[in-house]
Amino acid sequence: GQQVMQIPQYQHVQEGEDFTTYCNSSTTLSNIQWYKQRPGGHPVFLIQLVKSGEVKKQKRLTFQFGEAKKNSSLHITATQTTDVGTYFCAGLNSGAGSYQLTFGKGTKLSVIP
Amino acid sequence: NAGVTQTPKFQVLKTGQSMTLQCAQDMNHEYMSWYRQDPGMGLRLIHYSVGAGITDQGEVPNGYNVSRSTTEDFPLRLLSAAPSQTSVYFCASSGRGRDSPLHFGNGTRLTVT
Chain A
266 GQQVMQIPQY QHVQEGEDFT TYCNSSTTLS NIQWYKQRPG GHPVFLIQLV KSGEVKKQKR
326 LTFQFGEAKK NSSLHITATQ TTDVGTYFCA GLNSGAGSYQ LTFGKGTKLS VIP
Chain B
26 NAGVTQTPKF QVLKTGQSMT LQCAQDMNHE YMSWYRQDPG MGLRLIHYSV GAGITDQGEV
86 PNGYNVSRST TEDFPLRLLS AAPSQTSVYF CASSGRGRDS PLHFGNGTRL TVT
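Chains A and B, in that order, are what the protein sequence lines are. Sequential numbering from 266 applies to the first sequence in our numbering. Sequential numbering from 26 applies to the second sequence in our numbering.
Errors might be hidden in some of the hints.
Here are the simulated EDC-like cross-link-like pairs (lysine to aspartate or glutamate), alpha carbons at most 20 Å apart as the crow flies [what the hints assert, rightly or not]:
| hint | chain 1 | residue 1 | chain 2 | residue 2 |
| --- | --- | --- | --- | --- |
| 1 | A | Lys373 | A | Glu332 |
| 2 | B | Lys34 | B | Asp124 |
| 3 | A | Lys373 | B | Asp63 |
| 4 | A | Lys301 | B | Asp98 |
| 5 | A | Lys324 | A | Glu282 |
| 6 | A | Lys301 | B | Asp124 |
| 7 | A | Lys370 | B | Glu97 |
| 8 | B | Lys34 | B | Asp51 |
| 9 | A | Lys301 | A | Asp348 |
| 10 | A | Lys301 | A | Glu332 |
| 11 | A | Lys321 | B | Asp124 |
| 12 | A | Lys370 | B | Glu84 |
| 13 | A | Lys370 | A | Glu280 |
| 14 | A | Lys301 | A | Asp283 |
| 15 | A | Lys322 | A | Asp348 |
| 16 | A | Lys335 | A | Asp348 |
| 17 | A | Lys335 | B | Asp124 |
| 18 | A | Lys316 | B | Asp124 |
Derived list of chain B stretches under chain A, where covered just means 3 residues or more per stretch with a C-beta under 8 Å from a C-beta of chain A [said to hold, decoys possible]:
| hint | region |
| --- | --- |
| 19 | 36 to 50 |
| 20 | 130 to 136 |
In short, the hints are calculated from the structure, not lab data. We treat Cβ as the ideally placed atom computed from N, Cα and C, and that holds for glycine.
Let's have the full structure, built from the sequences with the hints guiding it.
What follows is the structure, given as structure tokens:
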């Protein structure tokens with residue numbers, strides 16, 4: 266079945282440093298979604314990428330979708346303590362009729378003030 | 026607008042007991058799903074439904090049953106709880122289209138002793 270690998274599993278950064286998490290799928294994706302889960306909270310949708318090579322920005326967050334639609338990344342510039350949480354990517358298989366989003370295991374970000 | 030509501034928030038069961046985790050959404054979403062979250066394992070899909078009367082298995086369906094008699098409700102049943110089912114359970118819904126983002130409930134923390 267489809268697998269989505271996400272690295273690193275943990276990342277500790279000093280406030281103001283940059284942060285990047287990477288996702289790789291074993292199969293071609295229809296789209297990829299990114300979610301953020303604050304400690305003790307539930308996952309919250311951040312963004313969706315659909316097109317090959319797509320790049321989207323949300324303030325200090327930059328999301329990329331690979332040309333082959335099998336990998337993606339989330340980059341945070343100048344981290345803040347409010348960025349603390351676990352970031353998940355979730356890929357939707359390109360097969361017709363598939364509704365199963367496959368989540369990566371997440372990257373837990375800690376920001377040291 | 027309540028979004029996705031899960032009850033209870035916490036539950037402790039003894040091995041062999043049964044219970045139902047409730048999930049309701051008021052957004053008229055067609056797609057609903059149940060995930061379990063375990064440390065280091067990310068979010069794993071248990072069961073999902075693409076509409077009333079239609080359910081299907083996800084990645085880890087064993088030990089769980091679901092039904093979808095209405096658009097709003099998608100309960101998850103544990104027929105005979107096992108310690109391996111100790112986890113945090115999230116219900117999620119999304120609108121029409123298989124690329125719609127997921128809206129998660131606040132989760133149910135289940136402990137089976």
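Taking the hints in turn, this is what the structure says about them:
1. For the hint linking Lys373 (chain A) to Glu332 (chain A), the alpha-carbon distance of about 26 Å lies beyond 20 Å, and the restraint is violated.
2. The straight-line distance between the Cα atoms of Lys34 (chain B) and Asp124 (chain B) is roughly 28 Å, outside the 20 Å bound, and the hint therefore fails.
3. A C-alpha spacing of about 14 Å is found between Lys373 (chain A) and Asp63 (chain B), which places the hinted pair at or below 20 Å, so the restraint holds.
4. About 25 Å separates the Cα atoms of Lys301 (chain A) and Asp98 (chain B), which puts this hinted pair outside 20 Å; it is violated.
5. Between the alpha carbons of Lys324 (chain A) and Glu282 (chain A) the distance comes to roughly 15 Å, so the proposed pair stays at or under 20 Å and holds.
6. The straight-line distance between the Cα atoms of Lys301 (chain A) and Asp124 (chain B) is roughly 18 Å, inside the 20 Å bound, and the hint therefore holds.
7. Taken as a hint, the Lys370 (chain A) and Glu97 (chain B) pair is broken in the structure, with Cα atoms around 29 Å apart against an allowance of 20 Å.
8. A hinted pair counts as satisfied when its Cα atoms are at most 20 Å apart, and Lys34 (chain B) with Asp51 (chain B) qualifies at roughly 19 Å.
9. Distance restraint check for Lys301 (chain A) and Asp348 (chain A): the Cα-Cα separation of roughly 9 Å lies within the 20 Å cut-off, and the hinted pair is therefore satisfied.
10. Taking the CA atoms of Lys301 (chain A) and Glu332 (chain A), the gap is about 24 Å. The hint is violated against a cut of 20 Å.
11. This hinted pair checks out: Lys321 (chain A) and Asp124 (chain B) have alpha carbons roughly 17 Å apart, not beyond 20 Å.
12. For the hint linking Lys370 (chain A) to Glu84 (chain B), the alpha-carbon distance of about 14 Å falls within 20 Å, and the restraint holds.
13. A C-alpha spacing of about 24 Å is found between Lys370 (chain A) and Glu280 (chain A), which places the hinted pair above 20 Å, so the restraint is violated.
14. With a C-alpha separation of about 17 Å, the suggested pair Lys301 (chain A) and Asp283 (chain A) falls inside the 20 Å cut-off, and the hint holds.
15. With a CA separation close to 15 Å, the supplied pair Lys322 (chain A) and Asp348 (chain A) stays within the 20 Å bound.
16. Note on Lys335 (chain A) and Asp348 (chain A): the hinted pairing is violated, with a Cα-Cα distance of about 26 Å set against a maximum of 20 Å.
17. At most 20 Å may separate the alpha-carbon atoms for a hinted pair to count; Lys335 (chain A) and Asp124 (chain B) meet this at roughly 16 Å.
18. At most 20 Å may separate the alpha-carbon atoms for a hinted pair to count; Lys316 (chain A) and Asp124 (chain B) meet this at roughly 13 Å.
19. Using a Cβ-Cβ cut-off of 8 Å, 0 residues of the region 36 to 50 of chain B lie near chain A, which falls short of the minimum of three, so the contact claim is violated.
20. Under the rule that three or more residues need a Cβ within less than 8 Å of chain A, the assignment of the region 130 to 136 of chain B holds, with 3 such residues.
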